[in-house]
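Peer 1: Chain by chain, the residues run as shown.
Protein chains: 2
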Amino acid sequence: MNAEDLIMISVDDHLVEPPHLFDGRLPAKFADRAPKVIRTSKGDDVWTYEGAVIPNIGLNAVAGRPREEYGIEPTAYEEMRPGCFDLAERIKDMNAGGMLGSMCFPSFPSFSGRVFGASEDKDLALAVLQAYNDWHIEEWCGGAPGRFIPMAITPLWDPELCAAEVRRVAAKGVHSITFTENPATLGFPSFHSPTWDPVWEAVCENDVVVSIHLGSSGQLAVTAPDAPIDVMITLQPMNICQAAADLLWSRVFKTFPDIKFALSEGGIGWIPYFLDRLDRTYDMHHLWTGQDFGDRMPSDVFREHFLTCFIADPIGVKLRHDIGMDNIAWEADYPHSDSSWPNAPEELAAVMAGVPDDEVNKISYENACRWYDFDPFAHRTKEQSTVGALRAEAAGHDVSEKAYDQGRYQRRKGIDIGELAKRATA
Amino acid sequence: MNAEDLIMISVDDHLVEPPHLFDGRLPAKFADRAPKVIRTSKGDDVWTYEGAVIPNIGLNAVAGRPREEYGIEPTAYEEMRPGCFDLAERIKDMNAGGMLGSMCFPSFPSFSGRVFGASEDKDLALAVLQAYNDWHIEEWCGGAPGRFIPMAITPLWDPELCAAEVRRVAAKGVHSITFTENPATLGFPSFHSPTWDPVWEAVCENDVVVSIHLGSSGQLAVTAPDAPIDVMITLQPMNICQAAADLLWSRVFKTFPDIKFALSEGGIGWIPYFLDRLDRTYDMHHLWTGQDFGDRMPSDVFREHFLTCFIADPIGVKLRHDIGMDNIAWEADYPHSDSSWPNAPEELAAVMAGVPDDEVNKISYENACRWYDFDPFAHRTKEQSTVGALRAEAAGHDVSEKAYDQGRYQRRKGIDIGELAKRATA
Numbered sequence: 000m001n002a003e004d005l006i007m008i009s010v011d012d013h014l015v016e017p018p019h020l021f022d023g024r025l026p027a028k029f030a031d032r033a034p035k036v037i038r039t040s041k042g043d044d045v046w047t048y049e050g051a052v053i054p055n056i057g058l059n060a061v062a063g064r065p066r067e068e069y070g071i072e073p074t075a076y077e078e079m080r081p082g083c084f085d086l087a088e089r090i091k092d093m094n095a096g097g098m099l100g101s102m103c104f105p106s107f108p109s110f111s112g113r114v115f116g117a118s119e120d121k122d123l124a125l126a127v128l129q130a131y132n133d134w135h136i137e138e139w140c141g142g143a144p145g146r147f148i149p150m151a152i153t154p155l156w157d158p159e160l161c162a163a164e165v166r167r168v169a170a171k172g173v174h175s176i177t178f179t180e181n182p183a184t185l186g187f188p189s190f191h192s193p194t195w196d197p198v199w200e201a202v203c204e205n206d207v208v209v210s211i212h213l214g215s216s217g218q219l220a221v222t223a224p225d226a227p228i229d230v231m232i233t234l235q236p237m238n239i240c241q242a243a244a245d246l247l248w249s250r251v252f253k254t255f256p257d258i259k260f261a262l263s264e265g266g267i268g269w270i271p272y273f274l275d276r277l278d279r280t281y282d283m284h285h286l287w288t289g290q291d292f293g294d295r296m297p298s299d300v301f302r303e304h305f306l307t308c309f310i311a312d313p314i315g316v317k318l319r320h321d322i323g324m325d326n327i328a329w330e331a332d333y334p335h336s337d338s339s340w341p342n343a344p345e346e347l348a349a350v351m352a353g354v355p356d357d358e359v360n361k362i363s364y365e366n367a368c369r370w371y372d373f374d375p376f377a378h379r380t381k382e383q384s385t386v387g388a389l390r391a392e393a394a395g396h397d398v399s400e401k402a403y404d405q406g407r408y409q410r411r412k413g414i415d416i417g418e419l420a421k422r423a424t425a
Numbered sequence: 000m001n002a003e004d005l006i007m008i009s010v011d012d013h014l015v016e017p018p019h020l021f022d023g024r025l026p027a028k029f030a031d032r033a034p035k036v037i038r039t040s041k042g043d044d045v046w047t048y049e050g051a052v053i054p055n056i057g058l059n060a061v062a063g064r065p066r067e068e069y070g071i072e073p074t075a076y077e078e079m080r081p082g083c084f085d086l087a088e089r090i091k092d093m094n095a096g097g098m099l100g101s102m103c104f105p106s107f108p109s110f111s112g113r114v115f116g117a118s119e120d121k122d123l124a125l126a127v128l129q130a131y132n133d134w135h136i137e138e139w140c141g142g143a144p145g146r147f148i149p150m151a152i153t154p155l156w157d158p159e160l161c162a163a164e165v166r167r168v169a170a171k172g173v174h175s176i177t178f179t180e181n182p183a184t185l186g187f188p189s190f191h192s193p194t195w196d197p198v199w200e201a202v203c204e205n206d207v208v209v210s211i212h213l214g215s216s217g218q219l220a221v222t223a224p225d226a227p228i229d230v231m232i233t234l235q236p237m238n239i240c241q242a243a244a245d246l247l248w249s250r251v252f253k254t255f256p257d258i259k260f261a262l263s264e265g266g267i268g269w270i271p272y273f274l275d276r277l278d279r280t281y282d283m284h285h286l287w288t289g290q291d292f293g294d295r296m297p298s299d300v301f302r303e304h305f306l307t308c309f310i311a312d313p314i315g316v317k318l319r320h321d322i323g324m325d326n327i328a329w330e331a332d333y334p335h336s337d338s339s340w341p342n343a344p345e346e347l348a349a350v351m352a353g354v355p356d357d358e359v360n361k362i363s364y365e366n367a368c369r370w371y372d373f374d375p376f377a378h379r380t381k382e383q384s385t386v387g388a389l390r391a392e393a394a395g396h397d398v399s400e401k402a403y404d405q406g407r408y409q410r411r412k413g414i415d416i417g418e419l420a421k422r423a424t425a
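From first to last, the protein sequence lines are chains A and B. According to numbering that gives the first Met the number 0, the first sequence is numbered sequentially starting from 0. According to numbering that gives the first Met the number 0, the second sequence is numbered sequentially starting from 0.
Isolated chain A, as found in the complex (with noise of 0.2 angstroms):
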């Protein structure tokens, strides 16, 4: 299919959330508690919560910088496109790079909202992690119906609170909670403990999909101090198979067949063989351990259960009938480090060569639509949502290095543009 041709639905972006996102949310009690963006002495834009300060790293809002400035060091809204926080910029931006549809992460609550439960004061902790859900819901999903998979945090420190607000948000249209590839390195009760049950009801009787996000384990795949981040980099997205591995063989499955769990972030290269995996594992160990899944295998267990997603992922692709056709979606990552942001279609479009319509379509966009009970075209026809109907709303928009603050990046960051220009025309 032609990279103007597809439809696209991401189902793992990210939002860097605005300053004012509490504004006007919070009980009067707790308004002065809310979290606050300062600025450092260094220049920086830090988030602050009880005491916490909480930065944006930059390499989490790199969308449309030039390779040779990545980095991880904290950053300033006005160093970043517009897109990662102003909806109406990320519409432009969406629509510049092909993105009818975008479910979007939170930053700095971390990708789980543990962040807000740091607090001794568990109800402020609750007020501002419901005021961040209705703003999510409301201000950034409702302010462009039929753009965004609409995604909530939940109270983690309270399984009984956590599937409170499952209902509540799902009351709003929300199929989709973010929660932790493992509870257990959080310090709470793991994934094998029936602690968690009640959030396992209250996603199954509301067709909300867990989504879980690499790195939400509070664990990064860190090999050594002194490691280049490369290791990290590399690492980071295969990781999650420890989060698949840990599901597949506790209780949950077996207790909520109809329990949903999307792999965020994770590609999809690596998952035929992790399903060989998991059914010789059962093959050669399930008379001792006790495993019984009946006249199943694993790896049938996994399709019913996980959704997994890829940005370009060749190996995956080739394998796409060893993953299951129902099981992959693709994802954006803008404005990560990861995304190829605006030229994403062209990307896909390349990995998909060969492929035929009919699943390209569950790739890029049905499998995400149905997972996620998310109808985009009850707001526009098929027709106005290809990448190329999208790029003509689009036209004009600047998706050039020029349209945020790059110059006082580079001086505050020390990078020599002159040096930049060089290598660039090297």
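The hints are simulated quantities; they were obtained by calculation from the structure and are not laboratory data. Any given hint could be a false lead.
Remember, identical chains collapse to one label, so a pair may be satisfied in a single copy or spanning two.
Result set (DMTMM-like, lysine to aspartate or glutamate): computed pairs, CA atoms no more than 25 angstroms apart in a straight line [as the list claims (entries may be wrong)]:
| hint | residue 1 | residue 2 |
| --- | --- | --- |
| 1 | K259 | D206 |
| 2 | K35 | E67 |
| 3 | K253 | E67 |
| 4 | K317 | E358 |
| 5 | K259 | D225 |
| 6 | K91 | E77 |
| 7 | K317 | D299 |
| 8 | K412 | D291 |
| 9 | K317 | D278 |
Following the hints, position chain B against chain A.
Peer 2: Chain B only, in chain A's frame:
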């Protein structure tokens, strides 16, 4: 290729050390402090060394045992197949399993041999380690010429001693050392430190492959204390990707362009995804992280430096050209629980169905011979080396479950034989 026509060399097997291993091999002053086998009050045989007690784990010596009886409890010698620890019996088992050659990792010293270094007395530690290596080279491998790829342990606690031991054993014809996936997690400097340069110099000078076995980091892939053991069994092989990434991005390959590593028991089906991920990471990030491979991509560098292996990995075989036909070897994992002994030839032939003979040969034995500088055909012809020929030599050798004291094991472990029989016939 038919199973009977295969020539099979395994690059990953295990030996259970026999009690007499150190007899007469230590200087008189250390003889009393040699590691010793004692029988516990529960009937387990355990090694003792400098106050430490190290059991033989049942799951690591289950060849020939019915799967219902697999388990991680310690075990005793007469409850194992003698082929685990007795050379003559091992050769019979190899013949019955159609296996021409084998490289045997240590058991009680740990894969990396770190157990020996636990002694405060480093003179003792080195004497014990060298005695081990000499026994392995002279008695185990030397007792059956052309049947074993010799492998040595190195004194990790001192890189100069490591280098000296590499040279000492290389002079005896050894082209493989068992190292660690991650020295950092064992409390040593990481792969990113020049500390190890003397070792790397020594292995390069002597064409010695650094074999790193899953689990040799001292850290298993465990998600939570209450996770079922199936999780760890599933995750352990692919976890070796951490070592591969750590080394790939380290200074090691840049400084020692001739160095060779083997990823032992890591499987192969995940590697094409991993190579794509390496290349994408390089493409997206090297301009700011400073990585530089000249005109090569990381996937090229991987293929220059890594041997991989598998037991039975259908996806990996399907993707063999995406891995590299010169980078794949077969392994048996005898007598561990992942092994299909004595039916590995039939399993491998099934997984290789449709693969051209020249590619089968590379995987089943030629790559192993080349990487490890091993020439079994100096001792027997190729015609004498096939599965069919070896099995003919083993005619009459009992491969049934009766070949060890299964009844004692069942009584000790409280296994209900009647219940097992019912399940087996159900």
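Peer 1: Now tell me, hint by hint, if it's right for this structure.
Peer 2: Tested hints:
In this homomeric assembly, K259 and D206 come within 25 angstroms of each other (Cα to Cα) only inside a single copy, at 8 angstroms, whereas the closest approach across copies is 51 angstroms. In this homomeric assembly, K35 and E67 never come within 25 angstroms of each other (Cα to Cα): the closest approach is 31 angstroms inside a single copy and 59 angstroms across copies. Proximity of K253 to E67 under the C-alpha cut-off of 25 angstroms is restricted to the inter-copy arrangement: shortest distance 22 angstroms between copies versus 48 angstroms within a copy. With identical chains, the CA atoms of K317 and E358 are at most 25 angstroms apart both within one copy (12 angstroms) and between copies (21 angstroms).
Proximity of K259 and D225 under a CA criterion of 25 angstroms is satisfied inter-copy only: 22 angstroms between copies versus 38 angstroms inside one chain copy. Taking CA atoms no more than 25 angstroms apart as the test, K91 paired with E77 passes inside one copy only; the shortest distance there is 17 angstroms, against 73 angstroms between copies. For the homomeric pair K317 and D299, the shortest alpha-carbon distances inside one copy (20 angstroms) and between copies (20 angstroms) are both at most 25 angstroms. Taking the closest pair of Cα atoms, K412 and D291 come within 25 angstroms of each other only across two copies (22 angstroms); inside a single copy the shortest separation is 56 angstroms, beyond that limit.
In this homomeric assembly, K317 and D278 come within 25 angstroms of each other (Cα to Cα) both inside a single copy, at 21 angstroms, and across copies, at 17 angstroms.
Violated hint: 2 only; the structure is consistent with all others.
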